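So the chains spell out like this:
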Amino acid sequence: MTVAGIQQYLDFAYIAAVVLFMLSLKWLSSPRTSRWGVLAGEIGAAMAVTATLFNPELVQYKWIVIALIIGAGVGIPLGMVKMTAVPQRTALSHAFGAASAAMIGIAEYYVGTAPVTRFEMGEIALEVIIGSLTFTGSLIAAGKLQEILPQRPIVYRGQNIVSLAILSSALGLAVALVVDPAHTLLFPIMVVVALIFGVMLVTPIGGADMPTVISLLNSYAGFSAALLGFVLNSKVLVVAGALDGSSGFILSVIMCKAMNRSFTNVLFGAFGQVQTSAAAAREEKTYRSATPEEAAGILAAANRVVIVPGYGMAVAQAQHKVRELYDALTKRGIDVRFAIHPVAGRMPGHMNVLLAEADVPYDRLIEMEEINGDFPQTDVALVIGANDVTNPAARTDTNSPIYGMPILDVDKARTVMVIKRSMNPGFAGIDNPLYYYDKTLMLFGDAKGFVTNILHELSGAHG
Amino acid sequence: MPADFISNLYVFILAGFVGFELIKRVSPLLHTPLMSLTNALDAIVVVAAIIIAGRHETLLTTTLGAIAVAASFSNMVGGFFITDRMLRMFKTGRPNKS
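Chains as they are written, first to last, in the working numbering: chain A, 6 to 468; chain B, 435 to 532.
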C-alpha cells in the first residue's frame with residue numbers, strides 16, 4: 006500500500022474516534038447511559054492510538070512501547086485513587102495533559118523538517134505558553150489539594166503587577182520569535198517564563214476557589230491540545246481539544262456564577278485576605294450548642310431532613326457515616342435528602358461523587374435551585390462541614406465579601422444544626438450569622454465523630 | 435493565512451459548539467466524571483506524541499516525544515478507568531446493605 010493510501014485509512018480511524026468522542030459526551034448526560042459513554046470514548050481512543058502505530062512516518066518503536074508501558078503503569082494507580090483524592094488527581098492529570106501538549110509543541114519547534122514560518126511560529130509559541138503555564142499551575146493546584154502546599158492564598162504586595170509583568174514578558178518573547186523565528190535562544194527562555202507564570206497564577210488562590218481554578222485549568226489544557234492540533238494540522242486533536250476546552254469553560258462559568266464572582270476576581274482577587282481582620286474585630290455573640298443525644302432526638306422527631314455536605318465532610322472522611330445516618334433516619338420513615346451547592350468541595354461535583362461512593366442513591370442528591378424552595382417545609386437542615394454556601398449574609402449584607410453569592414437557604418428550615426469543630430471562622434475568615442440564630446444549634450466536634458455519636462444515640466433509643 | 439489554518443478553524447468552531455451543546459446537558463451530578471472523561475479524551479494528544487517519538491529525528495525530540503507519550507497515555511488509561519469507577523457508584527433507589 007502506498008503511503009498516501011495508509012494515511013487515508015488512518016484518517017478514517019481518526020474520524021471514527023471523533024464520532025465516538027462526541028457520543029461519549031452525549032451519553033454522559035444521564036447516569037443511566039453514562040457508562041456507555043466511557044466505553045465509546047475508550048473504543049475511540051483505542052482506534053486512534055492503534056491506527057497511529059501504523060503511521061508510515063514511524064521508524065522506531067522502542068521508545069514508543071517503553072513510554073506506553075510507563076504511561077499505563079502510572080495511569081492505572083492514578084485511576085485507583087480514593088474518591089476523596091479525586092480533586093488532586095484531576096489537577097495532576099491537567100498537568101500531565103498540558104505538559105504533553107507543551108512538549109510536543111517544543112519538539113515541533115526543534116524538528117528540522119521544514120523551516121518554521123512566522124505564522125507557525127505564532128501558533129507554536131501560543132500553544133507552548135498555554136501548555137507550560139497550565140502544567141505548573143496545575144501542579145501547584147494539585148499540591149494545594151494534596152496539602153503538600155498550604156491551601157490558604159499566598160499573597161504579597163504588588164503580586165498582580167509582578168504576575169502580569171511575567172506574562173507580558175512571555176508574550177513579548179513570543180512576539181520576538183514571530184518577528185524572527187530563527188532566534189532559537191529566546192524559545193527556551195519563553196518556556197521557562199511561561200512555567201514561572203503558571204506558578205504565580207495559582208499560588209495566590211485559596212482552597213475554596215479550587216472548583217473554579219481546576220475548571221479553568223481544565224479549559225486551558227483542552228485549548229492547548231486544540232492549538233496543538235492547529236500546529237500539527239491534526240483535526241482529531243482540534244476536536245478533542247475543543248470538547249475538553251469548552252467543557253472546562255462551561256464548568257468555570259458555572260462555578261463563577263455559583264460564587265457570584267468573575268474570572269478576573271478569582272484569578273487576581275486573592276479571596277479571603279481582606280476579611281480576616283474584619284471578622285476578628287466582631288463582638289462576641291451568643292449561640293446555642295447541643296449534644297449528640299439532643300441532636301439525635303431532634304432528628305428522630307423530624308419528618309423531613311435535608312443534609313448539607315461541604316468540604317469539611319470530605320476532610321473528616323465522614324461520608325460513610327453520613328450514609329449510615331441517612332439509612333438510620335430513612336428506616337424510621339423520615340424523608341432525607343442532600344442539598345448540593347455547585348461549589349461545595351474542591352471541584353465541580355465533588356460531593357456527589359463522595360456520597361455516591363458511600364452508596365447514597367443519586368436521586369437523593371438535589372441541586373441548589375431545586376431544593377431551595379423546599380427548605381421552609383424542612384424540619385431539620387443538618388449542615389456537615391459546609392460554611393460559606395449556607396451563609397445568609399450573602400443575601401442581605403452588602404458589605405459581606407460573599408454578598409450576592411447564591412446560597413442554600415438552610416436558614417429557612419425550622420431547625421438548623423451545624424456540625425463544626427469550633428466557632429473559629431474558616432480560613433476565608435467570613436463570619437456566618439446563621440450560627441447565632443435562635444433556631445440554630447451548633448454541634449461541636451469532628452464531622453465523623455459527631456455523626457457516629459448521633460448514630461449511637463439513635464440506635465440506643467431504638468433498641 | 436495558510437489554508438490548513440482556515441479549515442482547522444472551521445473544525446474548532448464547530449466542535450466547540452457541539453461540545454457546548456453536549457456538555458450543557460450533563461447533569462451537575464456528574465460534573466466530576468465529566469471532567470475526568472474529557473481529560474481522558476483530551477489525552478488523544480498521545481497520537482501526536484507517538485509520531486514525534488517514533489520519527490526518531492533528534493535525541494531531544496525523541497525524548498520529549500517519549501515523555502509526552504507516557505504522560506498523555508497515563509491520562510488516557512487513568513482517566514477512563516477512574517471515570518468508569520465513579521459512574522459505577524451512581525446508583526438509584528434504596529442501596530443494598532453491603
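Incorrect hints may appear among the rest.
Mimicking DSSO-like on lysine-lysine, the simulated pairs with C-alpha atoms at most 30 Å apart in a straight line are [said to hold, decoys possible]:
(1) B:K458 / A:K444
(2) A:K290 / B:K525
(3) B:K525 / B:K458
(4) A:K290 / B:K458
(5) B:K458 / A:K87
(6) A:K453 / B:K458
(7) A:K417 / A:K262
(8) A:K31 / B:K458
(9) A:K336 / A:K417
(10) B:K458 / A:K336
(11) A:K262 / B:K525
(12) A:K290 / A:K87
In case anyone wonders, no lab produced these hints; they're calculated from the structure. Bear in mind that the values here come from a model prediction, so they are computed numbers and not experimental data.
Here's how the hints hold up against the structure:
1. B:K458 / A:K444: Between K458 of chain B and K444 of chain A the Cα gap is close to 38 Å, so the pair fails against 30 Å, i.e. violated.
2. A:K290 / B:K525: 44 Å, violated
3. B:K525 / B:K458: This hinted pair holds, its Cα atoms lying about 22 Å apart.
4. A:K290 / B:K458: Violated. K290 of chain A to K458 of chain B sits at ~44 Å, over the 30 Å cutoff.
5. B:K458 / A:K87: 27 Å, holds
6. A:K453 / B:K458: 35 Å, violated
7. A:K417 / A:K262: 22 Å, holds
8. A:K31 / B:K458: The given pair, whose Cα atoms are some 10 Å apart, holds under the 30 Å limit.
9. A:K336 / A:K417: 26 Å, holds
10. B:K458 / A:K336: At roughly 36 Å apart (the allowed maximum being 30 Å), K336 of chain A and K458 of chain B break the hint.
11. A:K262 / B:K525: Satisfied, since the Cα-Cα distance of roughly 29 Å is no more than 30 Å.
12. A:K290 / A:K87: 40 Å, violated
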